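*Asks:* The chain contents come next:
Number of protein chains: 2
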Amino acid sequence: MDISHYMQQVGRQAKSASRLMARASSEQKNQALRLISAAILRDAAELRAANQRDLDAAQAQGLAPALLDRLSLSDKAITTMAEGLLQIASLPDPIGEISDLKFRPTGIQVGQMRVPLGVIGIIYEARPNVTVDAAGLCIKSGNATILRGGSEAIHCNQALAKLVQEGLVGAGLPVQAVQVIETTDRAAVGQLITMPEFVDVIVPRGGKGLIERLIKEGTVPMIKHLDGICHVYIDDKADLSKAADIAFNAKCHRYGTCNTMETLLVARSVAEQILPTLATLYADKQVELRCDPEALAILNGYPHLAAAQELDWSTEYLAPILAIKVVADLDEAIEHINTYSSQHTDTVVTEDYSRALRFMREVDSASVMVNASTRFADGFEFGLGAEIGISTDKLHARGPVGLNGLTSVKYIVFGHGEVRS
Amino acid sequence: MDISHYMQQVGRQAKSASRLMARASSEQKNQALRLISAAILRDAAELRAANQRDLDAAQAQGLAPALLDRLSLSDKAITTMAEGLLQIASLPDPIGEISDLKFRPTGIQVGQMRVPLGVIGIIYEARPNVTVDAAGLCIKSGNATILRGGSEAIHCNQALAKLVQEGLVGAGLPVQAVQVIETTDRAAVGQLITMPEFVDVIVPRGGKGLIERLIKEGTVPMIKHLDGICHVYIDDKADLSKAADIAFNAKCHRYGTCNTMETLLVARSVAEQILPTLATLYADKQVELRCDPEALAILNGYPHLAAAQELDWSTEYLAPILAIKVVADLDEAIEHINTYSSQHTDTVVTEDYSRALRFMREVDSASVMVNASTRFADGFEFGLGAEIGISTDKLHARGPVGLNGLTSVKYIVFGHGEVRS
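Here the protein sequences come in this chain order: A and B.
First residue of the first sequence: 1, per the UniProt record's numbering; consecutive thereafter.
First residue of the second sequence: 1, per the UniProt record's numbering; consecutive thereafter.
Don't read these hints as lab results, they were simulated from the structure.
Mixed in with the good hints, there may be bad ones.
Said to hold, decoys possible - Here are a few chain B residues that face chain A, going by a calculated C-beta distance under 7 Å:
#: 1; residue: Tyr6
#: 2; residue: Arg34
#: 3; residue: Leu35
#: 4; residue: Arg114
#: 5; residue: Ile246
#: 6; residue: His416
Bear in mind that the values here come from a model prediction, so they are computed numbers and not experimental data.
Quick reminder that beta carbons are idealized off the backbone N, C-alpha and C, glycines included.
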């Protein structure tokens, strides 16, 4: 197979399908989502069989158990995929929405209309559910999409692609609005991220290694985040009971998620009071505490202690490990966060009005919180209805990205024959 | 001078100034704008003297009269610059604006806060007024900026930079919030567009050649447009008197602007009626008409006619030249526009309700109009208060870019001790 030729063809087909998708009615798009949902439930047995072929091959190749777990498509996962599509169908259609339509002194009326981006490329690991979630979000937002999942999931992804395309056709939408790349050749990814003539944006979903490679090689803009180095700062005006709840939840609710706290900052004047309470809670979960000298001195005698190194302030552990640092005050906390944070999500715990507002304004991260767990930084929790990813970039989309992140706006002018004088 | 070392230093200073600018109060920023405005009027004589040095050098080098004209800073231009700053001061401050603050079922309240992008690099030709306009917009939007103007304007730009910095200091803002690059070495531009660690976005203002070079070499995202190939489509349901006004204004109001019409599309069934009327109007202005065979046959005998070549449909003339094509209907017009338009600004003239809505929805351009001249596509005409440029990209900013285009938003969460369950 000539990968370059194949990908050009996929790109050209996507571009052409994107024009038809842009003018599809809300009802057509929702009908496609409902048809795909029903087809997934109808063909659950075939999907599990395709998934089993992937699992067998992956096991034979000695894939790690955690990756096998992600690759596997349970009955519950199939039901969840089908329900997810119905949820997306029930969301309001962002496309065609007109805002801020105002008359100007010249007589023209100017506003903005929300429109699809065009063609979205999505690159992800071997998780078959992403195929359906991503296809659903792109259909709803009137985009065409090119999906490239991890090669270990190829059989299941192709089976899902067939059902997606059946739904598109059933709703009178172009079959090439959702294309799953048919080859597992990695060169296809290199092509996908360097076809700005066909692809408007890439959404990579995967580990830091994958994304760093895509940034280096890609010429198409990306909606992405690399790291989630999230902070909680416990201010000396904090309600310490809230502080304990938040600092425990932000670390221990789940270890492997990007919005998990990785560094805890504590104001010096409350450190002796709150740190032992927290250390007791963390000890229950066997969380290792990598402390700066002050915190280490306060926690002397507690289990799982270690001295923090400089590198700890900029490490995303994704594990039961927490870096702890004692700081003088809000200023030092903000300075530390703006230096070491990955600009993902940071929280202050305080009852002080002015400090709460300062933290919110001055911390330069995608999600900034007062008195809430960092774990809330998520499209569903924020009320977006769905999430295609989280962005730590500042241009276009920042923070959890829902349907609107897959759209743009254009200016529209309602005139009555006006000319410029 | 070691350009690389110098630019790194400029970048580092800008980044550090951007943090202070992000937290500056509205009143500080407005005060800086007013102080700069006053200083420009106070030092008008010195500015003209610096400008004269640039003009003398440019004349000695044989710069073209049109470029000398742009370079020259008249009394009127000085007053306009000073007034422009006061206008920017009077605009509402976009920074810190909070929108869509909503309670979620978990109890947290989620919204979005508008924040500066950080550091804006602006690359422009030898037009000293851009130095002040751009500095003003960046100050108001809480960004730091690095300005690189055409080398022919170096003395005037440096004189202006001194006044800008005087205003910043007078308002208690960091002097390095606005830096004018001190060298005319072109390598400085190459550095500026490849320092994503210091520069968040580049706004190039200049000809297509400059921008194509920047796209090829740059790694920092850009807000830009290459071409303005704008269309007017006269539908067979058009009010032909409006059509004549709009088609004349869109071409003849100014020839050299990016929102000037370059191709006129006319529905077949009204072509014989409207084209001779228009040809008479255009003949007055000696506009050359490059016609497809049908239009050519209809206009046989009129002056300044030529047969259109394929290349004419994708040429931005910036001159008294117009391409004319007869089309069957709205569908062919939309198809032609979506194929050849530079996605800048396109207009339909029609009294038909459904066709007006279809054109607005289906034409994929930054500004789409019904019954209005393309010449309205402009930040001031659209009510943005000011304009840093026009974007034909779909990501981040599209169409005329005002203060909001120099900002981003972050999610903010007001919590009360909530944790995720």
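*Asks:* Now look at each hint and say whether the structure bears it out.
*Replies:* Status of each hint after checking the structure:
1. Residue-level restraint check for B/Tyr6 is violated (minimum Cβ-Cβ distance to chain A is 25 Å; threshold 7 Å).
2. With a cut of 7 Å, the hint placing B/Arg34 at the interface with chain A is violated, because the nearest CB-to-CB distance is about 24 Å.
3. Contact between B/Leu35 and chain A, as hinted, is not supported at the beta carbon level, the nearest pair being about 24 Å apart and thus beyond 7 Å.
4. Hint on B/Arg114 is violated. Least Cβ distance to chain A is approximately 11 Å, over the 7 Å limit.
5. The beta carbon of B/Ile246 comes within 6 Å of a beta carbon in chain A, closer than 7 Å, and the hint placing it at the interface holds.
6. At a threshold of 7 Å, the smallest CB-CB gap from B/His416 to chain A is about 6 Å, leaving the interface hint in force.
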